[in-house]
Amino acid sequence: MKQGNRFWAWLVFGVGTTYFVLPLVATFEFSLRKRRGEYSFDAYRSVFGDPNFQATFTYSVVVAVFTILLGVLLVVPTAYWIRLRLPHLRPVVEFITLLPLVIPAIVIVFGYIRMFGSNSALPFLATARGADALLVIGYAVLALPYMYRAVDTGLRTIDVRTLTEAAQILGAGWTIIIARIILPNVLIAVLSGAFLSFAIVIGEFTMASLLNRPAFGPYLQNIGANSAYEPSALALISFAITWGCMSLIQILSRFAPRSANRPN
Amino acid sequence: MAEPFLSIQQVQKAFGATTVVQDFNLDVEPGEFVSFLGPSGCGKTTVLRMVAGFEEPSAGKILVAGKDITRLKPNQRNVGMVFQAYALFPNLTVAQNIGFGLKVAGMPKADADRRVAEMLDLIKLPQMGDRYPYQLSGGQQQRIALARAIAPKPKLLLLDEPLSALDAKVRVSLREEIRSIQKKLGITTVFVTHDQEEALSISDRIAVMYGGKAEQVGTPFEIYNRPATKFVANFVGTLNVLEGTVTDAASGKVRVNSQEVSLQGKLNGSKSGDTLSLALRPEAISLGRHPGRDSSLSGEITEVHFLGSVIRVRVGIGGSTVSLDTFNSPASPPPAVGEKAEISFSSGDMLVLH
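Order-wise, the sequence lines are chains A and B. Here the first sequence is numbered in our numbering, starting from 1 and rising by one per residue. Here the second sequence is numbered in our numbering, starting from 1 and rising by one per residue.
One should not assume that every hint holds.
What the hints assert, rightly or not - Derived Cβ-Cβ restraints for the label pairs, each shown as a range: (1) B:G138 with A:M246: 35 to 41 Å; (2) A:L74 with B:G138: 33 to 39 Å; (3) A:P77 with B:G186: 38 to 44 Å; (4) B:S40 with A:A240: 56 to 62 Å.
To be verified - Which chain B residues face chain A? A few, computed with CB under 10 Å, are given here: (5) R49; (6) Q76; (7) N78; (8) V79; (9) A85; (10) N91; (11) A105; (12) A151; (13) P154; (14) L158.
By construction, these hints were calculated from the structure, which means they are not laboratory data. On a predicted model such as this, the values are computed, not experimentally measured, just so you know. In this text, a Cβ means the ideal position worked out from N, Cα and C, and glycines have one as well.
Taking the hints into account, I'd like the entire structure generated from these sequences.
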């Protein structure tokens, strides 16, 4: 009976792994066929050598960093305050943070274009920097469900109220409490949210394209439309970046300061 | 009496329609150790949190050293506090935890380090500075929390049930340590507990609270031996309560289960025919007649519990049961259940509860 169970478990695992890995292997194999009659990394060489790749990738990384900063500044104090003083508002805030999963990015970005066009009261789109800022804001909204949930889960593992009161009675104000006590104790949760945000931003197409920003997502689409082997190489590169981010979450969590709440 | 250092004046606190503290008054002298003792929900922690600044009183005033602190924020009060759940900052080492208040106050690093070392010596954990809270036992964590609270030299120390999360043995040793440190530093301290033994053993005075009010404020001796209300008598210590009827108010005669005892001078205006609740502490009762004990009641032994050095005996007297402790003596066997027994006591030890 036990052996039978093990067989089915391995079978399901094998089917799942094949379903997941096979397309990757096929894509990888195809990406190596640029040179006729032999396998080569020409497609990768061509991608990495393309100045547009470097420019768009750098642009997206910079936007991702700003998105993470904005997300942390927005979400950490909000989630903290909701836990500390406004727990009755938690369902409302959770609902709001889930909206980006329900409302398509294209709807959000058209809303932005109407709201913040060159003739509006807040003409973000009148300048390139303004459009960059709007893109960062849009990405922070898209990443909100992941960032909020990650931070809220982190806050759940510490006694927010008592730690806050202990810091207050020792003379600390809100900035010190958040920066020196709360944030370091939810750092892993914040990092998880940050890497998820990074993974979302790095390949995002809709917002960047409609706001006409030179991001990595539109570059991927452009290459895909005009070349044969490079898109496969880029797909694998994007995949590696995303998985790299996920692995970093795991690795960093091992180096995190251990706490009374998480002794091992 | 010296000028009170902490003065809580007619303080009230309501959460919505529920009043949890009503008309609370207390003056605490400089260097005094006062305990708030009471059951859960009596308002003791709420009063402490109002002194700390975590709750704002609905009415009344709180003064420290003559200065009104009622509306000040917690970080402006210069008050130290130790919490039930330790509340050490998990991301900081022991030394960083103790030095947190000093750093916030802007103390130069060399001075802060010196003060942290002093505190570690005071709590007898000089080698623990580099450890993290999770590497310490509960008792050690609470000592660190105490050191952290007193490191910035606060005017007032507040202890919110600091021993309740610890095991019995550590609790006793730590409470003695807290008291000794408090005496050494001469810091005015308010201690909240629901444990009467804790309150009786370390306090200069105790405020027994019930229903948001201070039922009685007095020294442990007064609280235990001269409880002002029925609640205090019942809550503090073990008490045997007997119902009695005044048969002759002039001579102080009271009938208890068809037997008469004399309580002259203790009836406080009761009339003949009035029903009274009479109370006796177990240690005021002896099994059998003893010289110097002027009153006695007869009954039957219903339970005997051998506890080693002490034997706890329960004697049924009419419809009531009286509990008393006798010392174990190897020369004489313990009394048996079902035996007829007489208990004796001094009428002066009997409390008339109002």
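Hint check:
1. For the pair B:G138 and A:M246, the supplied restraint of 35 to 41 Å holds, since their beta-carbon distance comes to about 37 Å.
2. For A:L74 and B:G138, the hinted distance range of 33 to 39 Å is satisfied, since their beta carbons lie about 38 Å from each other.
3. Evaluation of the 38 to 44 Å hint for A:P77 and B:G186 yields a pass: the beta carbon distance comes to about 41 Å.
4. In this structure, B:S40 and A:A240 meet the distance hint of 56 to 62 Å, their C-beta atoms being roughly 57 Å apart.
5. With 10 Å as the threshold, the beta carbon of B:R49 comes within range of chain A, its nearest partner Cβ sitting at about 9 Å, so the hint holds.
6. For B:Q76, the suggested interface contact is upheld, since its CB lies about 8 Å from the closest CB of chain A, less than 10 Å.
7. Checking B:N78 against chain A: minimum C-beta separation of about 8 Å stays under 10 Å; hint holds.
8. Look at B:V79: its Cβ gets to within about 6 Å of chain A, closer than 10 Å, so that hint holds up.
9. Checking B:A85 against chain A by beta carbon gives a least distance of about 5 Å; that is within 10 Å, so the hint holds.
10. For B:N91, the interface hint holds, since its Cβ comes within 10 Å of a Cβ in chain A; the closest pair sits about 4 Å apart.
11. Satisfaction of the interface hint for B:A105 is found here, the shortest Cβ-Cβ separation to chain A being roughly 6 Å, below the 10 Å cut-off.
12. A hinted interface residue such as B:A151 counts as satisfied when its beta carbon comes closer than 10 Å to some beta carbon of chain A; here the least separation is about 9 Å, so the hint holds.
13. About 9 Å separates the beta-carbon of B:P154 from the nearest beta-carbon of chain A, less than 10 Å, and the hint is met.
14. This hint holds: B:L158 has a C-beta 8 Å from the nearest C-beta of chain A, less than the 10 Å allowed.
Every hint, counting from the list given before, is met by this structure.
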